[in-house]
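Asker: As a plain string of letters, each chain reads:
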Amino acid sequence: MTVTIVNLKVNGVDQAFMARPGTTLLLALREQLGLTGAKRGCAQGACGSCTVLLDGAPVVSCLVPATTVDGADIATVEGLADGQQLSDVQQAFLDGFATQCGFCTPGMLMSAEALLARNPDPTADEVNEAISGNVCRCTGYAPIVSAILDAAERRRNRVEATH
Amino acid sequence: MTLLRGRGYASVNYPTGMNLGGDPSQAIIHATTMGGFVVTLSSVDLGQGLKTVVAQCAAETLGIPMENVIIDTADTDTGPHCMGTFASRGTHRVGNAVIMAAREAREVMLQVAADELEVDAGDLETDGTGFVRLKGSPATKIHISDIALAAHFKQGKSISGRGIFLKERSYPVPETGEMDPDSCQAHACTVAEVEVDDETGIVTVLRMYNTYEIGRALNPAMVAQQVEGGAWMGVSHAIFESTEPYYPASRAHGPIDFCEYLMPGPAEIPVQTSVILERPASNGPFGAKGIGEMTANAPIPAIANAIFDACGVRLTTMPFTPESVLRGLDALRAA
Chain B
1 MTVTIVNLKV
11 NGVDQAFMAR
21 PGTTLLLALR
31 EQLGLTGAKR
41 GCAQGACGSC
51 TVLLDGAPVV
61 SCLVPATTVD
71 GADIATVEGL
81 ADGQQLSDVQ
91 QAFLDGFATQ
101 CGFCTPGMLM
111 SAEALLARNP
121 DPTADEVNEA
131 ISGNVCRCTG
141 YAPIVSAILD
151 AAERRRNRVE
161 ATH
Chain S
1 MTLLRGRGYA
11 SVNYPTGMNL
21 GGDPSQAIIH
31 ATTMGGFVVT
41 LSSVDLGQGL
51 KTVVAQCAAE
61 TLGIPMENVI
71 IDTADTDTGP
81 HCMGTFASRG
91 THRVGNAVIM
101 AAREAREVML
111 QVAADELEVD
121 AGDLETDGTG
131 FVRLKGSPAT
141 KIHISDIALA
151 AHFKQGKSIS
161 GRGIFLKERS
171 YPVPETGEMD
181 PDSCQAHACT
191 VAEVEVDDET
201 GIVTVLRMYN
211 TYEIGRALNP
221 AMVAQQVEGG
231 AWMGVSHAIF
241 ESTEPYYPAS
251 RAHGPIDFCE
261 YLMPGPAEIP
271 VQTSVILERP
281 ASNGPFGAKG
291 IGEMTANAPI
301 PAIANAIFDA
311 CGVRLTTMPF
321 TPESVLRGLD
331 ALRAA
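From first to last, the protein sequence lines are chains B and S.
Going by UniProt numbering, the first sequence opens with residue 1, and the numbers climb by one from there.
Going by UniProt numbering, the second sequence opens with residue 1, and the numbers climb by one from there.
To be clear, the hints were calculated from the coordinates, so they are not data collected in a lab.
One or more hints might be untrue.
Some, not all, of what chain S presents toward chain B, calculated at C-beta under 10 Å [what the hints assert, rightly or not]:
| no. | residue |
| --- | --- |
| 1 | Leu46 |
| 2 | Gly47 |
| 3 | Gln225 |
| 4 | Trp232 |
| 5 | Met233 |
| 6 | Met263 |
| 7 | Gly265 |
| 8 | Glu268 |
| 9 | Ala331 |
| 10 | Ala334 |
Predicted model only: the values in this text are computed from it and were never measured.
Ideal Cβ positions, reconstructed from N, Cα and C, are used throughout, including at glycine.
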C-alpha cells in the first residue's frame, strides 16, 4: 500500500503526516494530529459533526481523502479562539446556550464561521440553509440559529467599531 | 389546494424514576489536598447536563463555589453504584445522593475548620466564595484550600462523605393493586398549531405552546432547552421519523444510517413558547422532579389532535405522513 506524505496547514501551522489510501482527513486530524474537535458521527457525510474548513469552504472531513488535501489550508474548531478569547460565533453560542450535549457543536461552529465569512448579514433562512447539513438532536435548532444571527451582529459591530 | 389550520392539545403526567428491584444511586465525595471536592459517581452524563446539575447540588450543600467541585463519572466498574441514566431519574436520584454525601463532607470540613480557628463547629458558616467563617465575626475565616491542607497534613482527617438515595421496591397490594411505583410525577401540556395541505398531505407544525410543572427548576436554562429540544423530538416522531422499512421487516432493529432516517432540520421547526411552573417535590433534590423523557411525549398527540381539528382525519399511527393524511382525506370524501 502506497503511503503518501501530506503537507498542509492546519489552523495556520504547517503540519505533515503519512496517509494510506483510504485515510480520511477526519481520521488524520483526530488520530495523527491529535485534533479531536471534529467529531466522527456517521462517517458518511450525513451528520455534519466532522465539518472543517478546507481552503475556507466547509467540508465533511469524513468524506475527504487525506491524500487529496496536500498543500491545503485547513481550519478546525481548535483554531477559532485566540488564546482565551473566543471567536464571536463561539461566544454567541456560549451566551445563547446554543448547545446541550455538545457533539454537534464543533461542526455547527465551523459551518457558521464559513457562512459569516462569505455573508456577514445573513437572514434566518440563510442560516437554516448553512447548517442544514449539521444534525443536532438536543436543542431543536432554534437557539443555534439565534446564536449565529447574534454572532453576525457582533461581527458587524466589531467591523464598524474598527472603521 | 387548501391549507387547513388546526389546533390540538395533549397533556402528560410523567413518573420520575422507576421501581423494579429497588432503585438506588450512590455518591462519594472527598476533598483533594488543594480544596477541590471530587464527587465520584457511576452515573453517566449522556449530554443532558447531569454533571452540571449535580455539581450545583454539591456546591450548594457544601457552601462552596461550583468551580471547586469536580464531577468524576469515569468508571462504572469502580465507582459507587448507580442504576443508570434512564427513567428521568438522574437529577432526582443522583442529586439526592450527592446532597447526602455533601452534608456529611460539610460536617467534616466545618470540624477541621473549627479546630484550625479554635472555635466551635456549630458557630461556623460557609460564605459561598470558598471561605468558612465565624458567624457574626466574618473576619475570623479560613479558606477551603487551607482547610484541606490542614486535614491532610496536620489533623490527619479525610474530608469526605457518603450518600445514597434508594427508592425501595414497592409491591402492589394484592386486594387493590395499589402500589407506589415512582417518587413523584411531573406534569405538562402542549398546544400545537398545524397547517395541513389537502393536496399534498404535508403537515407543517407552525407553533407549540408548552407548559411544564417540574418541581424546582435547578437549572432554568437547561430546563428550557430540554423542553424545547424535547418538543422538537416530539415533532420529529410525529411527522418525520420512521424505522421503516428496516424495522421490523428486514433488520433486528433500527434504521441503517442518518441518510435514511428522516428528521426535521432547522427550517422545519415550529415557533415555541414555553412556561415553567415550579411546585417543589418534597422528596426531590431542592424540590426537583425529572424532566428527561417526558418532553417528547405531549407534542405527538397534540399534533395528531391538531391534524384532526384541521382536516377531520384521525391518525393513530406515527409518523403522520403525507400518504396517511391523503388516505384519510379520501376516506372522508368517500364516506
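Asker: Each hint needs a verdict: does it hold in this structure or not?
Answerer: Against the structure, the hints come out as follows:
1. Leu46: At 7 Å from the nearest chain B Cβ, S/Leu46 passes the 10 Å test, so the hint holds.
2. Gly47: 2 Å, holds
3. Gln225: Holds: closest Cβ of chain B sits about 5 Å from S/Gln225, inside 10 Å.
4. Trp232: This hint holds: S/Trp232 lies near chain B, its Cβ roughly 3 Å from the closest one there, short of 10 Å.
5. Met233: Holds. Min distance 7 Å.
6. Met263: This interface hint holds because 7 Å falls under the 10 Å limit.
7. Gly265: Check passed: Cβ of S/Gly265 comes within 5 Å of chain B, closer than 10 Å.
8. Glu268: Given a least distance of 9 Å, the restraint on S/Glu268 holds.
9. Ala331: Given a least distance of 33 Å, the restraint on S/Ala331 is violated.
10. Ala334: 38 Å, violated
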